[in-house]
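*Asks:* Each chain is listed here by its residues.
Protein chains: 2
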Amino acid sequence: MPLVEAIERHMEGNPVSFHVPGHKNGLLVKGAHQQSFLRYDLTELSGLDDLHEPMEAIADAEQLLADYYKTKKSYFLVNGSTVGNLASIMSSCKQGEVVFVQRNCHKSVLHGIKLAKAVPVFLETEWDEGSQTALGVSLDTVKSALEQFPQAKACVFTYPTYYGLTYPIHAIIKELHKYGILVIIDEAHGPHFGAWQGVPPSTLQMGADLVVHSAHKMLPAMTMGSFLHINSDRVNKNAVKSYISMLQSSSPSYPIMASLDYARYYLANLSSEETAWNEVLVDEFIHSLESINSLLKVTRTGDLLKILVRLEGVSGYDFQRVLEIEGVYTELADPFQVLFVFPLMKTKFDFPFKEALEKISRAINNANIDKKEIKRFETLPRINKISSLALSLDEMEVKEEKWVPLEDSVGHISSQMVIPYPPGIPILVAGERVTEEKVIRLKVYWENGAKVQGNHKLENGQIAVYDMLEVE
Amino acid sequence: MPLVEAIERHMEGNPVSFHVPGHKNGLLVKGAHQQSFLRYDLTELSGLDDLHEPMEAIADAEQLLADYYKTKKSYFLVNGSTVGNLASIMSSCKQGEVVFVQRNCHKSVLHGIKLAKAVPVFLETEWDEGSQTALGVSLDTVKSALEQFPQAKACVFTYPTYYGLTYPIHAIIKELHKYGILVIIDEAHGPHFGAWQGVPPSTLQMGADLVVHSAHKMLPAMTMGSFLHINSDRVNKNAVKSYISMLQSSSPSYPIMASLDYARYYLANLSSEETAWNEVLVDEFIHSLESINSLLKVTRTGDLLKILVRLEGVSGYDFQRVLEIEGVYTELADPFQVLFVFPLMKTKFDFPFKEALEKISRAINNANIDKKEIKRFETLPRINKISSLALSLDEMEVKEEKWVPLEDSVGHISSQMVIPYPPGIPILVAGERVTEEKVIRLKVYWENGAKVQGNHKLENGQIAVYDMLEVE
Chain A
1 MPLVEAIERH MEGNPVSFHV PGHKNGLLVK GAHQQSFLRY DLTELSGLDD
51 LHEPMEAIAD AEQLLADYYK TKKSYFLVNG STVGNLASIM SSCKQGEVVF
101 VQRNCHKSVL HGIKLAKAVP VFLETEWDEG SQTALGVSLD TVKSALEQFP
151 QAKACVFTYP TYYGLTYPIH AIIKELHKYG ILVIIDEAHG PHFGAWQGVP
201 PSTLQMGADL VVHSAHKMLP AMTMGSFLHI NSDRVNKNAV KSYISMLQSS
251 SPSYPIMASL DYARYYLANL SSEETAWNEV LVDEFIHSLE SINSLLKVTR
301 TGDLLKILVR LEGVSGYDFQ RVLEIEGVYT ELADPFQVLF VFPLMKTKFD
351 FPFKEALEKI SRAINNANID KKEIKRFETL PRINKISSLA LSLDEMEVKE
401 EKWVPLEDSV GHISSQMVIP YPPGIPILVA GERVTEEKVI RLKVYWENGA
451 KVQGNHKLEN GQIAVYDMLE VE
Chain B
1 MPLVEAIERH MEGNPVSFHV PGHKNGLLVK GAHQQSFLRY DLTELSGLDD
51 LHEPMEAIAD AEQLLADYYK TKKSYFLVNG STVGNLASIM SSCKQGEVVF
101 VQRNCHKSVL HGIKLAKAVP VFLETEWDEG SQTALGVSLD TVKSALEQFP
151 QAKACVFTYP TYYGLTYPIH AIIKELHKYG ILVIIDEAHG PHFGAWQGVP
201 PSTLQMGADL VVHSAHKMLP AMTMGSFLHI NSDRVNKNAV KSYISMLQSS
251 SPSYPIMASL DYARYYLANL SSEETAWNEV LVDEFIHSLE SINSLLKVTR
301 TGDLLKILVR LEGVSGYDFQ RVLEIEGVYT ELADPFQVLF VFPLMKTKFD
351 FPFKEALEKI SRAINNANID KKEIKRFETL PRINKISSLA LSLDEMEVKE
401 EKWVPLEDSV GHISSQMVIP YPPGIPILVA GERVTEEKVI RLKVYWENGA
451 KVQGNHKLEN GQIAVYDMLE VE
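As you go down the protein sequences, you meet chains A and B in turn. For the first sequence, the tail end lands on 472 under my numbering, and the numbers increase by one without skipping. For the second sequence, the tail end lands on 472 under my numbering, and the numbers increase by one without skipping.
Everything hinted at is true.
Only pairs whose alpha carbons sit at most 30 Å apart, straight line, appear in this in silico BS3-like list of lysine-lysine:
{"#": "1", "chain 1": "B", "residue 1": "K72", "chain 2": "A", "residue 2": "K457"}
{"#": "2", "chain 1": "B", "residue 1": "K72", "chain 2": "A", "residue 2": "K402"}
{"#": "3", "chain 1": "B", "residue 1": "K402", "chain 2": "A", "residue 2": "K237"}
{"#": "4", "chain 1": "B", "residue 1": "K443", "chain 2": "A", "residue 2": "K241"}
Not close to chain A: a few residues of chain B, all C-beta gaps over 10 Å, as computed:
{"#": "5", "residue": "E124"}
{"#": "6", "residue": "Y179"}
{"#": "7", "residue": "G180"}
{"#": "8", "residue": "P200"}
{"#": "9", "residue": "K348"}
{"#": "10", "residue": "K402"}
Pairwise CB distance ranges, derived in the manner of DEER restraints:
{"#": "11", "chain 1": "A", "residue 1": "A276", "chain 2": "B", "residue 2": "R9", "range": "34 to 42 Å"}
{"#": "12", "chain 1": "B", "residue 1": "V398", "chain 2": "A", "residue 2": "K297", "range": "58 to 66 Å"}
{"#": "13", "chain 1": "B", "residue 1": "G411", "chain 2": "A", "residue 2": "D467", "range": "51 to 59 Å"}
{"#": "14", "chain 1": "A", "residue 1": "Q205", "chain 2": "B", "residue 2": "E5", "range": "40 to 48 Å"}
{"#": "15", "chain 1": "B", "residue 1": "V410", "chain 2": "A", "residue 2": "E400", "range": "49 to 57 Å"}
{"#": "16", "chain 1": "A", "residue 1": "E400", "chain 2": "B", "residue 2": "R9", "range": "42 to 50 Å"}
{"#": "17", "chain 1": "B", "residue 1": "S392", "chain 2": "A", "residue 2": "G411", "range": "38 to 46 Å"}
{"#": "18", "chain 1": "A", "residue 1": "H177", "chain 2": "B", "residue 2": "E447", "range": "45 to 53 Å"}
Because the hints were derived from the structure by calculation, they are not lab data. Where is the CB? At the ideal position from N, CA and C, for every residue including glycine.
Taking the hints into account, I'd like the entire structure generated from these sequences.
*Replies:* Here you go:
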């Protein structure tokens with residue numbers, strides 16, 4: 001861990017800080033939180049290198065990262081996978097160029113396209129009945145898109161999904177490469193993919209050109225710590241470097257960078273005995289969970305470390321609240337279920353599974369749950385697999401907005417992004433026509449108690465649309 | 001401290017984490033660094049609010065921040081003042097609009113202008129003989145710029161300078177407001193300005209429209225923690241909100257946000273007795289420092305908490321290395337001096353001044369310093385106060401690059417940004433003509449051992465320029 005060690009070496013000398021940050025190695029922060037914030041929070045001191053021009057500890061740490069994932073070049077990111085997606089897209093497409101994008105991508109992908117002033121072509125995903133969530137795009141959809149837009153420059157796909165689902169992405173990458181299209185994969189949820197046989201392969205192993213990993217999501221790294229991998233010579237390396245430098249703090253956080261160094265080390269030194277324990281413990285936990293109550297149903301995902309849990313007849317939001325009363329916090333709730341994210345463990349003693357099961361059992365026994373009928377998405381109308389924006393970015397800049405009731409919004413063009421969070425996947429994008437399906441989906445999330453980001457007035461039942469004088 | 005308290009409340013319950021981040025409240029990180037990284041590193045759990053759509057603890061914490069600084073609206077930033085500058089500029093100028101910018105601004109200001117595709121007009125600063133560093137822009141320069149470019153939309157000034165220097169910015173703000181120009185102040189180094197009589201006022205008190213504060217630099221906040229203040233109704237509030245959301249991680253760091261909450265609390269509760277101690281201790285320290293050795297010269301800056309220290313006949317870089325041998329780390333070195341940044345203390349016992357003086361004394365007595373003649377900037381030729389890029393952004397996109405020796409580069413147009421770090425202020429900007437003065441400055445930094453960021457080959461004496469076929 002070259003960076004962790006460089007920081008430890010620095011701190012060993014009991015150094016006096018006449019530099020930023022203002023807490024002076026933590027001296028000014030009193031109380032319980034002192035140690036939590038501060039010990040590693042240093043700056044570009046001698047021996048600690050510089051993220052924006054690495055030559056020593058950070059360069060070594062990034063080289064070990066590239067060696068582990070077998071990439072051409074790998075970067076530590078301190079502004080999350082958000083900046084990985086922004087830089088990947090902005091370095092791959094110029095103003096006016098077509099980029100294929102999975103319709104239910106993370107909002108940062110849409111932001112990257114907007115900043116690049118590229119032209120998105122949205123590809124609708126398949127639907128997974130088991131998890132009641134969106135899956136990936138199909139090869140057929142990609143082939144149709146290639147027929148309509150053979151001039152496309154790049155594409156962005158999410159693999160795996162937030163829910164840990166996988167789909168046949170290898171064939172899609174091969175098809176797109178036939179057309180010379182640069183493949184960007186938002187693999188935020190799969191930094192551990194390919195680490196051993198018990199988890200799916202990474203798209204790095206399938207020839208994707210640029211791959212983004214949220215190290216902090218599944219590895220023991222700090223939040224905002226991510227990796228960006230350049231995996232082919234098709235990538236404009238200088239442009240990638242330039243954008244990650246422009247879009248990240250010129251004073252990057254050493255705790256976050258050090259935690260990335262730790263996470264790489266942790267993953268690279270995972271033994272087969274350790275991975276086997278993860279499989280055994282997850283199996284045991286699922287078995288014990290289903291024994292608690294017959295209404296508890298577990299759905300496994302493509303990712304060993306993610307399971308979906310439903311309490312029959314109860315919305316995921318209500319189920320999540322019940323668990324929280326006993327101090328059990330899950331990753332997300334949707335109308336149907338909650339998502340549990342397990343740790344990637346080194347030993348069977350790392351995580352309090354037994355205590356968790358006791359708390360879950362208590363939570364369900366004590367719960368006073370208001371059962372409600374949960375609307376299911378499967379009854380929703382099918383929509384077009386391939387769609388574009390109804391207005392160009394230039395047209396959007398000069399249009400006025402107005403507020404309309406959600407009920408009357410079908411056919412209008414949305415002027416804002418509207419995003420239930422989690423999972424942070426936009427239902428409406430600025431410039432896109434509102435369809436009946438989107439209105440129904442938004443209502444399901446809202447009425448079941450999801451938080452919704454974006455500029456909306458859903459508490460008054462309204463969304464913002466462009467004032468087109470008449471609905472076309 | 002609503003956010004600190006919300007996090008403490010959450011942790012009190014000994015919660016079980018089935019959510020990201022992957023370290024599971026620190027369980028997976030072993031060894032000395034465990035507590036340093038992780039205790040506060042949570043995610044958007046119930047009760048912990050959401051930075052991108054704040055309604056609870058984060059909304060309360062940001063309101064307390066706005067109340068303290070008396071602004072229209074204040075934001076916590078987790079991607080440093082970098083994102084504050086980017087969002088301020090991108091929300092204030094559209095493609096092709098003119099923006100006045102202090103020539104020696106932070107690189108993030110130039111990045112913001114590039115991303116906005118605005119047209120920069122550079123204003124040269126005055127020179128401060130005492131500190132041998134750049135000061136601010138003069139009112140005369142601003143008036144000349146207004147005559148030449150009355151259509152300018154916005155301006156960006158740095159106040160105070162990295163070295164803690166101030167200049168008559170109030171008159172400049174008033175002059176620019178007469179023309180309806182939006183005033184953005186990169187006040188990264190002055191989050192404590194205006195806190196009491198012993199430090200200069202903040203530009204927030206002078207009517208600046210948008211002000212960016214690196215809370216982490218002078219207050220006890222974590223690195224990457226900054227504030228963005230909207231201080232007038234002239235600002236496009238929706239655009240600001242939209243850009244800070246686009247350019248920051250969708251998983252913002254709770255330790256950084258909590259440390260911002262702590263920093264605001266710390267500043268808002270600073271008593272006059274406490275500020276008096278800071279003044280006394282700085283005076284005592286300077287006096288003791290000058291008593292160590294007659295070659296030690298201290299220059300005070302506008303900021304009580306910053307002093308410049310020279311060891312006569314020795315470059316700042318060499319002086320810094322000598323201090324580091326004894327474990328005394330300063331903020332920056334330039335060819336002449338080092339910059340000491342003092343803590344903003346609550347008590348006289350917060351910081352080991354006595355130990356620091358002993359270490360400095362030992363450092364100087366033990367030092368084997370290779371004295372060299374230091375080149376001084378004051379002999380450099382004067383240059384034009386107002387300058388524009390020699391090539392537009394569109395022209396730059398289609399030009400090829402070539403490498404030329406630094407000696408032969410005068411008259412060429414630089415194709416890369418070249419930035420000695422610290423202080424992170426560009427000497428060459430892409431699209432700008434290379435002048436003799438810039439070449440000389442760059443040589444002074446390079447030959448004295450500064451790190452230089454950007455795409456250059458200074459180790460071979462070369463920089464990149466656009467291939468114009470002939471030098472115009």
